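Novice: Given the coordinates of chain A, work out where chain B should sit on it, guided by the hints.
The primary structure of each chain is shown beneath.
There are 2 protein chains.
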Amino acid sequence: MSAEIICVGTELLLGDIVNTNVQFLAKELANLGIPHYYQTVVGDNPTRLREVIEIASKRASILIFTGGLGPTPDDLTTETIAQCFNTPLIEKVEIIEDIENKFQARGRKMNDNNRKQALIPKGATILPNPTGTAPGIIWEPVTNLTMMTFPGVPSEMKRMWAETAVPHLKSQGWGQEIIFSRMLRFRGIGESALATKVNHLFDLTNPTVAPYASLGEVRLRISAKTTSEAEANTLIEPVAQEIIKIAGLDYFGEDDDTIAQVVGALLRAKSQTVAVAESCTGGGLGAMLTDISGSSDYFWGGVIAYDNRIKMSLLDVSQEALEAHGAVSDMVAQQMALGVKKRLGSDWGISITGIAGPGGGTEIKPVGLVYIGIASPDGQVEGIECTFGDRSREIIRYLSSCTALDQLRRKLTRK
Amino acid sequence: MSAEIICVGTELLLGDIVNTNVQFLAKELANLGIPHYYQTVVGDNPTRLREVIEIASKRASILIFTGGLGPTPDDLTTETIAQCFNTPLIEKVEIIEDIENKFQARGRKMNDNNRKQALIPKGATILPNPTGTAPGIIWEPVTNLTMMTFPGVPSEMKRMWAETAVPHLKSQGWGQEIIFSRMLRFRGIGESALATKVNHLFDLTNPTVAPYASLGEVRLRISAKTTSEAEANTLIEPVAQEIIKIAGLDYFGEDDDTIAQVVGALLRAKSQTVAVAESCTGGGLGAMLTDISGSSDYFWGGVIAYDNRIKMSLLDVSQEALEAHGAVSDMVAQQMALGVKKRLGSDWGISITGIAGPGGGTEIKPVGLVYIGIASPDGQVEGIECTFGDRSREIIRYLSSCTALDQLRRKLTRK
Numbered sequence: 022m023s024a025e026i027i028c029v030g031t032e033l034l035l036g037d038i039v040n041t042n043v044q045f046l047a048k049e050l051a052n053l054g055i056p057h058y059y060q061t062v063v064g065d066n067p068t069r070l071r072e073v074i075e076i077a078s079k080r081a082s083i084l085i086f087t088g089g090l091g092p093t094p095d096d097l098t099t100e101t102i103a104q105c106f107n108t109p110l111i112e113k114v115e116i117i118e119d120i121e122n123k124f125q126a127r128g129r130k131m132n133d134n135n136r137k138q139a140l141i142p143k144g145a146t147i148l149p150n151p152t153g154t155a156p157g158i159i160w161e162p163v164t165n166l167t168m169m170t171f172p173g174v175p176s177e178m179k180r181m182w183a184e185t186a187v188p189h190l191k192s193q194g195w196g197q198e199i200i201f202s203r204m205l206r207f208r209g210i211g212e213s214a215l216a217t218k219v220n221h222l223f224d225l226t227n228p229t230v231a232p233y234a235s236l237g238e239v240r241l242r243i244s245a246k247t248t249s250e251a252e253a254n255t256l257i258e259p260v261a262q263e264i265i266k267i268a269g270l271d272y273f274g275e276d277d278d279t280i281a282q283v284v285g286a287l288l289r290a291k292s293q294t295v296a297v298a299e300s301c302t303g304g305g306l307g308a309m310l311t312d313i314s315g316s317s318d319y320f321w322g323g324v325i326a327y328d329n330r331i332k333m334s335l336l337d338v339s340q341e342a343l344e345a346h347g348a349v350s351d352m353v354a355q356q357m358a359l360g361v362k363k364r365l366g367s368d369w370g371i372s373i374t375g376i377a378g379p380g381g382g383t384e385i386k387p388v389g390l391v392y393i394g395i396a397s398p399d400g401q402v403e404g405i406e407c408t409f410g411d412r413s414r415e416i417i418r419y420l421s422s423c424t425a426l427d428q429l430r431r432k433l434t435r436k
Numbered sequence: 022m023s024a025e026i027i028c029v030g031t032e033l034l035l036g037d038i039v040n041t042n043v044q045f046l047a048k049e050l051a052n053l054g055i056p057h058y059y060q061t062v063v064g065d066n067p068t069r070l071r072e073v074i075e076i077a078s079k080r081a082s083i084l085i086f087t088g089g090l091g092p093t094p095d096d097l098t099t100e101t102i103a104q105c106f107n108t109p110l111i112e113k114v115e116i117i118e119d120i121e122n123k124f125q126a127r128g129r130k131m132n133d134n135n136r137k138q139a140l141i142p143k144g145a146t147i148l149p150n151p152t153g154t155a156p157g158i159i160w161e162p163v164t165n166l167t168m169m170t171f172p173g174v175p176s177e178m179k180r181m182w183a184e185t186a187v188p189h190l191k192s193q194g195w196g197q198e199i200i201f202s203r204m205l206r207f208r209g210i211g212e213s214a215l216a217t218k219v220n221h222l223f224d225l226t227n228p229t230v231a232p233y234a235s236l237g238e239v240r241l242r243i244s245a246k247t248t249s250e251a252e253a254n255t256l257i258e259p260v261a262q263e264i265i266k267i268a269g270l271d272y273f274g275e276d277d278d279t280i281a282q283v284v285g286a287l288l289r290a291k292s293q294t295v296a297v298a299e300s301c302t303g304g305g306l307g308a309m310l311t312d313i314s315g316s317s318d319y320f321w322g323g324v325i326a327y328d329n330r331i332k333m334s335l336l337d338v339s340q341e342a343l344e345a346h347g348a349v350s351d352m353v354a355q356q357m358a359l360g361v362k363k364r365l366g367s368d369w370g371i372s373i374t375g376i377a378g379p380g381g382g383t384e385i386k387p388v389g390l391v392y393i394g395i396a397s398p399d400g401q402v403e404g405i406e407c408t409f410g411d412r413s414r415e416i417i418r419y420l421s422s423c424t425a426l427d428q429l430r431r432k433l434t435r436k
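Note that the protein sequences, when read in sequence, are chains A and B.
The opening residue of the first sequence carries number 22 in our numbering; numbering runs sequentially from there.
The opening residue of the second sequence carries number 22 in our numbering; numbering runs sequentially from there.
Honestly, the hints are just simulated from the structure, not real lab data.
Where hints are given, some of them may not hold.
Listed next, the in silico DSSO-like pairs over lysine-lysine satisfying Cα-Cα at most 27 Å (straight line) [said to hold, decoys possible]:
1. B:Lys48 - B:Lys246
2. A:Lys432 - A:Lys363
3. B:Lys291 - B:Lys432
4. B:Lys363 - A:Lys363
5. B:Lys79 - A:Lys79
6. A:Lys48 - B:Lys291
Keep in mind the model is a prediction, meaning the values are calculated, not measured.
One chain only, chain A, in its complex shape:
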């Protein structure tokens, strides 16, 4: 018993779009414990699609189709599947009514082309599409062979999958054991260093622990295969707690947490405010902080001091510091952080000054050298040197903002 995914659409053969649908479905099948061994892409061509269906029908017991359900003449998935099993198409009144209602809600009238979308093979069940006009089908044309069709629009397909296809598969006995995961997130530590610390946990079998590295961040995924979320939590929780204890301050959040969210929550809990002084990031740190809705509770604003004159006039950076140490220096970062805190009247001031490249680097101050300043509510200030290496301007700027927020997080957590 295995599934197979068949994606229909000439646009995939032309390379006009990336096939994200197949990745989504592959992940979902893996989570449901349904094996699948083949994925096929074929154009809007009934002869070739038919050949693909014939091959797949011999190999698998669940065929999942995406694409080719629309109202135009080149949308041929449903009728080709029906032809493969010599089954007539019948018009479903409830689909016509549903399409008419959807058109009406948008103040438009249903087109005659759309009638085509109401035709499904005799004996098939409608797989409802709550947001679009193209419904799918669930159909068992012969014993032990189920067909499920979805439109190519990812948002419609995903909702239909979750709301109807998954419950159907579960009712057939699939997905009784599901994989539940919790992702723990870390900053300021490399993948191999963290892996060494939690090495003994990689041998666990349920839950399993696996490391992932991404830009400026390491994650550990704890996955349990169980029948219920409660049981999964019971398995995952002690392992998570052990890892969090081992990782200490390097652990910053879970799942979809962003560093800006975590910092924001800490500031809000303390009723403290922050202001930013940015040179090489040019506003990116402020943008990251204000990406969070409600950030006005703790973020007051900042100064983008790209030019040294602005560093002096708006942030009270001294000409002496600029001349003696240069704009990219620990001293200037500290003065910027203090300056913005004072000028804006916030509790905390964070600053960034660095060389984002690709130009502007020297032997002593290479591209990727960045200083972060943090001025605390007690008037103390600290400068932190970061070396992000000769990477792209985009990456250096992104890492600079993330690291500045992470340094503030550490101070907010400690105190």
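Specialist: Relative to the frame of chain A, chain B by itself:
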């Protein structure tokens, strides 16, 4: 004569990665005029891979493989292909030498596992991999059937494709006519409005003109199918010129141009400078401007005035304006733009104040209402009202920054 793409890798079946390789190859085949009708993904399983090869060999004359060329036991593409045609593998000394040299350059020693990568079917040609250790093959095991293999690492695959595979395909008579494209880019006009203006050009056959819409932008792709780039330019240029003339100020750039680059080039040409005053974008406009290397030539900095106190203290926005019109108003946008221009001493000042949501909207001032202010070198100031609708915070902030830059571009172009 057609090609077929076969991607090998269990990670694709698990949905761990998006298959961008197949999109790249599909687009390349389309540009070379090589038809391809099927794409297949199969796991690291020799029996299933063999079945896939047997099916594809009957349908196509060029089989393109990605993945499964590495040194580990589950990398099986080369040996499975050889088995399909009962051909022995032979060790290629030049591959061993190449791998040894690459390891040496990284200060490491070649692993015994890597010897496997030097085995290719008897009669096959090496498809060199300049950057990685896994070479591919070009092999014609039987007449009118060519196999080409590539590693799954996208950067290695792409370089091998461009440097060796494409010249080989051209030597076989493919790709004599190639599609050359030029993308014209527009802002401040919708897709259908632009399409109406240039409607008569959509009937052209060589070059063709096709519209594309993306967030805040419309593009027209002009594509010519010819044997040389020079000939393509001769076909494309008059059509491009006609469109540019029709579109007027809505045309802002081509191909990879960004609005920040275009604005930067205009400012540099005039030796003028700009400063920003940001409320709802929180630094995003500054970040967009400074995304361009060398932007310090024309960008001085700015003030992130998220809190109204900062609008007053650093941008000289009057308490009267805030009380009478509110922070999100034409008047406050104008005062912010004038304020930042004066405070920072730049030629231009641009400001953004708006409601990015999801909270904070009212009936009179809904989410998506944004005011942009532009203060000109002559001391004039203009406020522009934008209604981006009830979209996501991220999109409203992005469109606000893009629109502010586009408004500045229009003024810089006019004067």
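Novice: Hint by hint, note whether the structure agrees.
Specialist: Hints versus structure:
1. Using a Cα cut-off of 27 Å, the hinted pair lysine 48 of chain B and lysine 246 of chain B holds, with the two alpha carbons roughly 14 Å apart.
2. For a cut-off of 27 Å, the pair hint linking lysine 432 of chain A to lysine 363 of chain A stands: about 19 Å separates their Cα positions.
3. Under the criterion of a C-alpha separation no larger than 27 Å, the hint pairing lysine 291 of chain B with lysine 432 of chain B is consistent with the structure, at around 12 Å.
4. Proximity of lysine 363 of chain B to lysine 363 of chain A is assessed by CA-CA distance (about 21 Å); at most 27 Å being required, the pair is judged to hold.
5. A threshold of 27 Å between alpha carbons decides the hint, and for lysine 79 of chain B with lysine 79 of chain A the separation of about 18 Å falls inside it, so the pair holds.
6. Distance check on the hinted pair: lysine 48 of chain A and lysine 291 of chain B sit about 53 Å apart at the alpha-carbon level, beyond 27 Å; violated.
In the structure shown, a violation is registered for the earlier hint numbered 6 alone.
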